[in-house]
Amino acid sequence: MSEVNTQSKSKVIAVLYDLYRDKMYRIAYSIVKDIHLADDAVHDAILKILPNISVDADLTSVHMANYIIIAVKHAAIDIRRKQKKDAENISFGYEINTVFTEADEIAIENMKRKYGFSDEMMAILRKLRDVDKDIICLYYINGFQTSEIASMLNLTEVNVRKRMSRTRKKLAKLIEKEESSNEKQHEKSRRDIETVC
Amino acid sequence: MKNSMKKADEILKLFAEEMASSRTEAFEYKDEDQERIVVDVKKKRTKPALFYMKRICIICICCISLFVGLCTVSTEANLAQLFDFIFVEKEDNTEMVSDEYSPNKKRKIENMNLIMVNDLLRKREHEYKNHLNTIISIARYKKEAPLDAIVKYSEKLIDQENRLVDLNMHCNREIIASFLQNEIIKAEKRDIRVEYYIETPFPQYQLHDYELVEIIGNLMNNAIEATETLEKGKRKIYTHIASDKIKVSNYTKDNSWETAVDDIGTVGYSSKCRNSGFGVRNIKDICLNHGYDTKIYKENEMFVFEVSFV
Chain A
72 MSEVNTQSKS KVIAVLYDLY RDKMYRIAYS IVKDIHLADD AVHDAILKIL PNISVDADLT
132 SVHMANYIII AVKHAAIDIR RKQKKDAENI SFGYEINTVF TEADEIAIEN MKRKYGFSDE
192 MMAILRKLRD VDKDIICLYY INGFQTSEIA SMLNLTEVNV RKRMSRTRKK LAKLIEKEES
252 SNEKQHEKSR RDIETVC
Chain B
1204 MKNSMKKADE ILKLFAEEMA SSRTEAFEYK DEDQERIVVD VKKKRTKPAL FYMKRICIIC
1264 ICCISLFVGL CTVSTEANLA QLFDFIFVEK EDNTEMVSDE YSPNKKRKIE NMNLIMVNDL
1324 LRKREHEYKN HLNTIISIAR YKKEAPLDAI VKYSEKLIDQ ENRLVDLNMH CNREIIASFL
1384 QNEIIKAEKR DIRVEYYIET PFPQYQLHDY ELVEIIGNLM NNAIEATETL EKGKRKIYTH
1444 IASDKIKVSN YTKDNSWETA VDDIGTVGYS SKCRNSGFGV RNIKDICLNH GYDTKIYKEN
1504 EMFVFEVSFV
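As given, the protein sequences belong to chains A and B, one line each in that order.
Everything in the first sequence is counted per our numbering, starting at 72 for the first residue and increasing by one.
Everything in the second sequence is counted per our numbering, starting at 1204 for the first residue and increasing by one.
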């Protein structure tokens, strides 16, 4: 992908609109189901994104695209929340939900194929909630601090940290368990060889 | 534990990278039509080769049958075989062409309809804000009788809105309603008055939406082009959509078309300039496929094109 170096913030906005407007609009519309609200969501997302983009950022990179997708998704969800007070049980558009789930499933399958992770590991990743996945992306790829993520996703900083540490601990436990079982197996096979000898 | 936490971090980073790339790919816009066009072009390229192969085969068979005929005098069976071969090949060709292009065409027209509905909605939303702004600025800045000005402006607006609502009430088929609305706006820009009668509920024809849009679109476009150069009193189009017919009437410049009624609808014939002559042909083709009649006649000094469903 070619790098798009922008000279000023106003040019950043123009390039952002040019590259991502349709995509952002489609994502927002499938959540809010209203053309005006979708427009609002896109504008809100751009306003949230702008302070976090440097003028020489590569706007065409996968990382940037992912950040924008997450930003517009949450901006649209916020608008839906404001409309419906039932914040916990918000079920956004079936279509968009399916696209996200399918994309994440492809990512998990790729992980298994490329790095040979165990089924248990895959199960942990599969069980992650959408918000957790978004936090992981923003933290590990885009390099945001937990406070920045919290303000972006309308969560408290404590909540973001808790969610992160929960996921990390789960994975760490599993890694320890797998390593200890590997060691035991290794020990057993070593003893077997010794007895044979 | 620290070690495993580090490993967990690494795994999560890998997972985030994978998610980012798969999500970005999932939301990439795929231009299927473009792909389809590429496929069509490829198919077209293979056609001439097949065509020449068939021709060569036919010539070979002819030569062989002639040779065998001369030798055994039983040429009749061979000729029948040859006839069958040519006949079957021709049928296959027509099927291939219709299968290849009609779904694509249908999909393109359906997409156009959706874009049109979307455009119309956006246009109306945009205009709505403009009107509100105008009313606010009248209230703020007009020193002499601002109330009267607002009332006048609103009345005009309500009249226009009523006309739009009226069409939607008359036509409960959204695609046709939006399409007609577009045509009416187009006509009004050229100072042409369109009057319409649409049967409610909207008649159920044995036609697809895209075919109906093609018929109404061609008729309306022809009528608009014919009337736009006339004097003001004659710039009128009457559209009648009923279960038994679709009829579009309009005045014309002269009656020269009466002598060429038979030519209207043949490809290439046009009362207009180049790039025309296909509109009526398309309407006739659609009607022919479904077994409907088309009529062209004069009524109250107006040119009438009627598609009859009886």
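Certain hints may be false.
[As the list claims (entries may be wrong)] Distance condition first, Cα-Cα at most 20 Å in a straight line; then the derived DMTMM-like pairs of lysine to aspartate or glutamate:
id, chain 1, residue 1, chain 2, residue 2
1, B, K1216, A, E176
2, A, K94, B, D1212
3, A, K248, B, E1428
4, A, K183, B, E1228
5, B, K1216, A, D201
6, B, K1209, A, D111
7, B, K1216, A, D190
8, B, K1216, A, E254
9, B, K1209, A, E176
10, A, K183, B, E1509
11, A, K204, B, E1228
12, A, K185, B, D1351
13, A, K241, A, D201
14, B, K1210, A, E250
15, A, K183, B, D1212
16, A, K198, B, D1212
17, A, K204, B, E1213
18, B, K1205, A, E254
19, A, K240, B, E1398
20, A, K185, B, E1213
21, A, K204, B, D1212
22, B, K1216, A, D203
23, B, K1450, B, E1509
24, B, K1210, A, D203
25, A, K248, B, E1213
26, B, K1216, A, E180
27, A, K233, B, E1213
28, B, K1205, A, D190
29, A, K198, B, E1220
Just so you know, these hints were derived from the structure itself, not from any lab.
Right, here's what the structure says about each hint:
{"no.": "1", "hint": "B:K1216 - A:E176", "in the structure": "holds, 16 Å"}
{"no.": "2", "hint": "A:K94 - B:D1212", "in the structure": "violated, 30 Å"}
{"no.": "3", "hint": "A:K248 - B:E1428", "in the structure": "violated, 80 Å"}
{"no.": "4", "hint": "A:K183 - B:E1228", "in the structure": "holds, 19 Å"}
{"no.": "5", "hint": "B:K1216 - A:D201", "in the structure": "holds, 16 Å"}
{"no.": "6", "hint": "B:K1209 - A:D111", "in the structure": "violated, 40 Å"}
{"no.": "7", "hint": "B:K1216 - A:D190", "in the structure": "holds, 18 Å"}
{"no.": "8", "hint": "B:K1216 - A:E254", "in the structure": "violated, 26 Å"}
{"no.": "9", "hint": "B:K1209 - A:E176", "in the structure": "violated, 24 Å"}
{"no.": "10", "hint": "A:K183 - B:E1509", "in the structure": "violated, 65 Å"}
{"no.": "11", "hint": "A:K204 - B:E1228", "in the structure": "holds, 17 Å"}
{"no.": "12", "hint": "A:K185 - B:D1351", "in the structure": "violated, 74 Å"}
{"no.": "13", "hint": "A:K241 - A:D201", "in the structure": "holds, 17 Å"}
{"no.": "14", "hint": "B:K1210 - A:E250", "in the structure": "holds, 11 Å"}
{"no.": "15", "hint": "A:K183 - B:D1212", "in the structure": "holds, 17 Å"}
{"no.": "16", "hint": "A:K198 - B:D1212", "in the structure": "holds, 17 Å"}
{"no.": "17", "hint": "A:K204 - B:E1213", "in the structure": "holds, 15 Å"}
{"no.": "18", "hint": "B:K1205 - A:E254", "in the structure": "holds, 18 Å"}
{"no.": "19", "hint": "A:K240 - B:E1398", "in the structure": "violated, 72 Å"}
{"no.": "20", "hint": "A:K185 - B:E1213", "in the structure": "holds, 14 Å"}
{"no.": "21", "hint": "A:K204 - B:D1212", "in the structure": "holds, 13 Å"}
{"no.": "22", "hint": "B:K1216 - A:D203", "in the structure": "holds, 13 Å"}
{"no.": "23", "hint": "B:K1450 - B:E1509", "in the structure": "holds, 4 Å"}
{"no.": "24", "hint": "B:K1210 - A:D203", "in the structure": "holds, 18 Å"}
{"no.": "25", "hint": "A:K248 - B:E1213", "in the structure": "holds, 17 Å"}
{"no.": "26", "hint": "B:K1216 - A:E180", "in the structure": "holds, 15 Å"}
{"no.": "27", "hint": "A:K233 - B:E1213", "in the structure": "holds, 18 Å"}
{"no.": "28", "hint": "B:K1205 - A:D190", "in the structure": "violated, 23 Å"}
{"no.": "29", "hint": "A:K198 - B:E1220", "in the structure": "holds, 18 Å"}
The structure fails to meet hints 2, 3, 6, 8, 9, 10, 12, 19, 28 from the earlier list, while all remaining hints are met.
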